[in-house]
Each structure stands twice: as structure tokens, then as C-alpha cells.
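Here are the chains, one letter per residue:
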Amino acid sequence: MSTANDVPLLSLRGLGKRFGAVEALVDVDLDVYAHEVVALVGDNGAGKSTVAKMISGVLTPDTGLIEIDGETVTIPTPIAAHALGIATVFQELALADNLDVTSNLFLGRELHRGRVRDDETMEQIARKVLRDLNSRIPSVKSPLSTLSKGQRQSVAIARTLIGRPRIVVLDEPTAALSVSQTAEVLTHIERLRDLGLGVVLISHNMNDVRAVSDRIIVLRHGRNNGEFDAATVSHEAILAAITGAPPTRELDPTAFLPTPH
Amino acid sequence: MTTDLNPAPAAPPGAQARVPLGQRMAGLGGNARQYGIFGALVVIVLLFQVLTDGKLLLANNVAALFQQNAYVMILAIGMVMVIVAGHIDLSVGSVVAFVGGIVAVSMRDMGLPWLVAVLLGLAVGGVVGAWQGYWVAYVGIPAFIVTLAGMLIFRGLALVIVGETVAGLPSQFIAISKGSLPNFLGYANNMDVVTILIGVLAIGAIVVSQVRARRSLRKHELYVEPVGLFATKLALVAIGIGVLTVILSFSAGGTPTVLVIVGVLIVAYTFLMGRTVFGRHIYAIGGNRLAASLSGVDTRRVDFWIFVNMGVLAGAAAIVTTARAGAAIASAGQNFELDAIAACFIGGAAVTGGIGRISGAIVGALIMGVLNMGLSILSVDPSWQMAIKGLVLLFAVAFDLINKRRAGTR
Ligand SMILES: Nc1ncnc2c1ncn2[C@@H]1O[C@H](COP(=O)(O)OP(=O)(O)O)[C@@H](O)[C@H]1O
Ligand SMILES: [Mg+2]
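Quick mapping for you: the protein sequence lines, in order, are chains U and Z.
Here my numbering is used: the first residue of the first sequence is 1, the next is one more, and so on.
Here my numbering is used: the first residue of the second sequence is 1001, the next is one more, and so on.
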């Protein structure tokens, strides 16, 4: 899956962000290529959501650069992110319970002719997108309040496919889900990769991460703390990087492949 | 009605001519609530028709019902948008007095033509709305506080402008509220032909638009209600409008001008809320403000324009109120905000935002209006009228809430 010679789809260079006295991110680097799932892991408060929000135009970095196809971009708003082909599933599910599935899929980017919404076209696209994801949503007209947690998560992921994005960021998409729902979401994520997108999967569930990701990047206290090949790395090595404990090398020394930047 | 809201069984999203049962019931539950409000209106009308020995539905009383309650309906349209977005506006009564004062003074003391004065009133309303919208949307002060302040500010300014009653207003201005459409087509069997024509056109427009909407749903294999239910619904609406038309055509003036104004506003705002991007964003903000903003909805801009709109409609209500009174007084519009808010909640708007319809708010306003008129015809003491209306508001919302709980939705 490695396309290391190409220019990354998305690349973060030396990102920094402060919230008052809190240094949420310091000098963070991250590359994502097409056809790739990059897992971004770390303990609570490590800065994962902050990275997601900067990629998706909710927060702007204090320092550092964001590049898309090797060109520096600024992403001042979620609309700008969408225009750049970036779609995000936020940790705090950004869905409106009182609206139906189609309305949620197109929220903030409704199709319209003049000032009138083009509901028919939106519904047709909605059905196609759900079909592409093999999603189990009863109807594109179902109000979100009638769906299960897993179905909502499917809607949130389907939302990312509206407008043909190239980069999808998912912030803790399985956090509140049951085992079978989680499996479904992970399948969705693999579908996104198969569709040729670059995916950033944020999680602190090691099983999920190892199940679908190609590379694993660890954040600790807002800094890069190791990068691993998901196919070969050991559970312990990742945990060690997340917690800062020395890795228990005797278990699987070859699996630990930190890549300096 | 109890509905089963367990996750519906899996179905391929593509083949969707049929919707799982749970889904269908849930959809019906939402509509059932809407039908319930209409049903309540019909029951209340029939009740008072009996209690008043048939006086309630006398032609001139029905015309007066619309003339007396036009202001509530106009305000309720703006208020339901404010409430759906999760805000409240306590200032509209004071704004009515303030704008009414400006409009009256501009005609009497500055000699502005009545039409210019009307436009001035709407513009001033818009500026008031922009002022309040700015504090709510861009400074982030809760609307409750901003409009509570506005209630004081604009009542005070109304007192400044309207020291004493400003009377002697042009007759064309007064005709906005007291006049009727000219019956230039004459009478047939004592019935005003213009009124009949409007009624027929309204029924025709509703039938055509509903049938079209249904056809388009079918074309795209989306769920449509059973044809029997659809036809019954349409027939009931047609009969309702038909009866109203016939009654009004016997009234002294035929169709009251304000009814036409209110009718146009209802159609325009139903379209705005139901079919435009702006309308969708209002519902989204009320449903989940954070989600809307993360999705790229400019929530501040939407909030701002909701209040500008409320201001303009308060201006319209001021014009209607001043025209009806034939004069501006500083105490005009007392409690109007409460009437409008009550109409919205009786009409099914949710206190938490995100839910509410223009049609519901209008029906809510009519329920209050019919109560007012019926109790007045029965010469019930005004203090008791107030107490009864309060109880109706409480029971309407309680009934709605209990229904929702039983249905299993939040
Ligand atoms: N809006 C904010 N204001 C202040 N501090 C914040 C804000 N967002 C995040 N932080 C802080 O930044 C750090 C990183 O947070 P976050 O990115 O949410 O971590 P994670 O998603 O990895 O759990 C935490 O210490 C958190 O308290
Ligand atoms: Mg987080």
C-alpha cells in the first residue's frame, strides 16, 4: 500500500496550537497518502482532536503549515476544508437529530437551484452514497432520532462521501459503539480506502487501529512520539509510545520501527 | 398512539419503494401530532358554535376573528422561526408600540403618504431586529436577555414618541385592518363573488401542489402515504376552506384585507421554512447548533437574519395594530409577545428548538383567537378569559409532551 515516492495527499508540518496556558500541539508532523489509512493514536488529551479540527477548518494552527498535494493551504472554515476535498467525522457527532438522513448528509452544503433546495437530487445522491457504503439505513427520509447509534455513525461517515472528498478524517468513530456496530464502521473505513481516499483514523482503541490502518502515528502530550507500520508493530510497542513507558523489547524487538522526522 | 421506534430491520437503501413498518409508524406519529392540532381547532370551533347558539360562525364574526387576530398570526410566523432556532423574543409587543408610534407620527406630523409610512414601519422594524440580532448573533448574549432589554428599551422609546394618542390617520391606512377586498364582481345569491373566487383558487392551488408533490415522491420511489389517507386529508382541507369561504362571502365586506396579507405571508414563509436552504439551516441550528456550525452553516448569520425577519414582521404587526385602532398609543402591543409565543407552543413548537411549523403556529393563533371570541360572545369576564387561555396553553403542551413520551421519542 506504500506509495512513499509520491507527494502526500495531505501533509502537516510542524503544527503548533496553544489554548491559553495549555500547549495542545507542539511541532506535529503527519503525512497521508492516497489509498491509505493512517491511524492517529494517543492518550486522552494528547491533542488528536485538535489535529482533526485544524485539518477540517474548525481551528487554525498557531504555527506550522498544512500542505495538500505539496502546496501550502490555509483552511479558515469548514466550508474551505470541504472545498479542498477534506471531509470530517467529528468526535462530537455533528448531526442534527431533528432532520432526516438526507438533510444531515448535505447539511451546510445543500444543493439548490436559485434559493430553492434541490431535494430530489439530494435524495438520489444520498441513496447512492448509502448504497456505496452498504449501509443499513432504513430510508434516506428517516429522522436521525429514529436511528441507532451505529446507524448514526454510518450517516456521519456517509456524509464524508458527499462532494467527492479526497481526504477523510474520523475522530473516534467507534467510541460509543457495540462490537457489531464497530465492525460495520471499520468496514466502512476500508471501503473509503478502497475508493482511493486518504483516511486519518483517530482512536484509542488498539484493536480498531490494528484492524484497518496501514500506518500508526502516536501523539503524546501534543508531540509526535513514534510512527509504526501497522502490519508488523507489536501491541506493546504502541502502548509504550502512547504512555511513554520504555518498550518491552524482549517480546518482539523487530516490530518496533520508530521513524525519526 | 404508541409507535415502535426500535431500530428498523435492515433493508437495502436502494430498493426503497417500501419502508419498514416502524419507520412508517414513526412518520405517521409526527404527522398525527400535526393533525391533532387541526383537530383541536375544529373541536374548539364546534364547541363554541354550540355554546354560543351559532353566533361564533356568523359571517361578520368570522371576518372579525381574522381582523382581530391578524397581529398574532403575523407575529407567530416570525416567532416560530425564532423558537425553532432555539431562541425567544420577548420584545415584539414593545416593538409594535414603538413602530406604530413612528408610523403614525410620520403620517400625521410629517405628512408622509400612507404607503411610504408603511414601508418606513417595516424598515424600522428591520433595524430594530438587526440591533437585537447583532447582540444575539455576534456578541453571543442570550436572546432572552437581549429581547428582555428590548422590551424595556422600545416600550420606553414608544412612550417618548407617542406622548399622547396619535390619531387622525388617513382612511386608506386604516383600511389595511378594517377594510375588505373591493367586491367588484358583485354578488351571487348574496355571496361576494371575489371571496368565492379566492376560495376556489386557494383550494385548487392546494390540491394541485399536493398532488404534484406526491407524484414526485412516487417517481423517486420514496414513501407516500396511502392514497385513501391522502385523499381524505385533501378533501377535509378543501371542505374546511370551502366552508370558510362561503361564510366569509356573506360577511359585510367579503374578504378582509388582512386575511389576504396573512395568507400571502403564510404561503411565503411556509415555502421559506420548507424549501429553502435558509429554512433548513434554521431547523439544523435548533436541532444541534454545534453540528450545524461544524458542518459549515454560518450560524451567526442565520441567527442575525432570523431576528431581522422578526423585526420586520413586528413592524407589519405594528401597522396592522395601529390601523385597527385608528391611532397609535404608547401602551399598544401589551402582551403581544405572550400571545405569539403561546400560539407557537400550542401549535407544536418544541421548547428546546428544532421543531415547529408555520402552519402549527397559525393554528395555535387561531385556537387562541377562537377562545377569545367565543368567551367574549359568552360574556365571560376578561380575567377569567386570561386564566382559561393560560390553562389551554399548559394543557396543550402537556398533552403534546405526554404523547411524545408514550411514542418513545425523547
Ligand atoms: N477549545 C479548547 N480550549 C482549551 N483547551 C482545549 C481546547 N480544545 C482542546 N484543549 C486542550 O488541548 C489538549 C488536547 O485536547 P484534544 O485535542 O481534545 O485531545 P484528544 O482528542 O487527544 O483527547 C487537552 O489538554 C485539552 O484540554
Ligand atoms: Mg478527542
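Be aware that one or more of the hints could be misleading.
Restricting the straight-line Cα-Cα distance to at most 30 Å, the calculated cross-link-like pairs of lysine-lysine (DSS-like) are [unchecked claim]:
#1 Z/K1219 <-> U/K141
#2 Z/K1219 <-> U/K128
#3 U/K149 <-> Z/K1404
Everything labelled a hint here was simulated from the structure, so no lab data went into it.
Going through the numbered hints above, which ones does this structure break? Give me the numbers in ascending order.
none
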